[in-house]
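Asks: Chains B and R supply the protein sequences, listed in that same order.
Under our numbering, residues 46 to 331 are what the first sequence spells out, in order.
Under our numbering, residues 3 to 151 are what the second sequence spells out, in order.
Be a bit skeptical, because a hint or two may be false.
Sample of chain B residues with no beta-carbon within 10 Å of chain R, all distances over it, derived [stated by the list, open to error]:
no.: 1; residue: L84
no.: 2; residue: D86
no.: 3; residue: S219
no.: 4; residue: Y233
Chain R side only, calculated, beta carbon under 10 Å to chain B, not exhaustive [stated by the list, open to error]:
no.: 5; residue: E27
no.: 6; residue: V52
no.: 7; residue: R53
no.: 8; residue: E56
no.: 9; residue: T59
no.: 10; residue: A90
no.: 11; residue: L123
Calculated from the structure, these hints are not laboratory results.
For every residue, glycine included, the Cβ atom is placed at its ideal position computed from N, Cα and C.
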Amino acid sequence: MALDFNYAHPEALVSTQWVVEHLDDPSLCIVESNEDILLYDTGHLQGALHIDWRRDLQDPVVRDYIQPKDFAALCSSHGITPETTVVFYGDKSNWWACYALWVFRLFGHTKVKIMNGGRDKWILEGRPLVRDLPEREPAHYPVPLVRLDDEIRAFYEDAWSQSQKKQPLIDVRSPGEFSGEITHMPEYPQEGVLRGGHIPGAHSLPWKLAVNPDGTFKSAQELHHIYQQSLGLKPNDPLIAYCRIGERSSHTWFVLTYLLGFLHVRNYDGSWTEWGNRVRAPIERL
Amino acid sequence: MSDYPQKLSSIIFLFEGLSDLERRETLIAYADQAKTHEPKEGQVFDFEDVRKDEECTDSVGIYLIRDKHQRLHFKVKLGPHVQTLTRAMTSILCKGLDGITNEDLEKIPQDFVPKIVGAELIRARSQTVYYLLTRIKTAARVWERRNTH
């Protein structure tokens, strides 16, 4: 008997048509986040503003995210308040859109959505891009009291503990990276990892399994099969996902948290560039 | 004496005087011109090197002509998934290296890239801007080797 599944939080995923219909909604802010750092400048959705994952969301000196006061300043300058619904989209099947969404969640901003299929789908559908920069009045965003590191973020010690306790660790990199055959992403230059392999006990579940060829997310039923039936994961499992620097794993974090309703998913943003370079960190290879 | 040919020096000089915003706008303008540096239908080249390397998202084709004065002229064709910065660098290099000799091409250091692109835009996953110069040099070198034996 076929089971009927819906996304756990269907409101978190919107279509390109939905975005078209809400372009003038004052309670929305559309944000583009890409890997291609000049892509936004070549054209973007009308009214969309650019949040660059490195310039805007990362500490400029220490490998960490910005502090709550910086997040508040960023949002304030862009006219975003805690009541603003932020719709993220971008290139690379929404890798960096999911990353930016995850960072917004890190600071407690819950009104977030992803435009399914991202930038590529918008263009494929022949929808217009503009080069005009949006004009948004600055607003007041109160400084978040904390950054939710304990809830949705994992550090080396957490990943180590997860491995030791044989609790679910999801490695979302390519099979070649997981096995240790290669130390860089396919089609990307080496990003400086000294060792190949994976965290002991991690399961290989490449992020790509969650998307269709056009970059849209697979159906709830398909995702259920991939993550729950095949791997036996349960929504109450304490789960950590990782990749190389946390962008592909934030994509998977979105899938697990919003589409499948998993309750305790954390993104290990140090990921393999930390683990694979760390002295004496144990490594498994296939 | 500059290690850069005159045309490339002029471009570098232009970029060094720009603000960050102007730099981005100028890079976009160069990226928009990348298609004009593609080989034209029926055009014949002395050497062609079209491939997709492991470290690049898409294919890059280098097309080389050497004129009767032993000077090199390049065309470049990029796959659709190449980053915008790489497309900008394509235009810059096709213009900046136009008419260069093989000997002078070999001497060009890569240190001009951050002078054009700026420190903020050079980062992880933008390293293919260096890749393009490497491919152009390699094409010229291989062609030279084949034609002196």
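Asks: Hint by hint, which ones does this structure get wrong, listed from lowest number up?
Replies: Going through the list in order, the structure violates hints 1, 2, 4, 6, 7 and respects the others.
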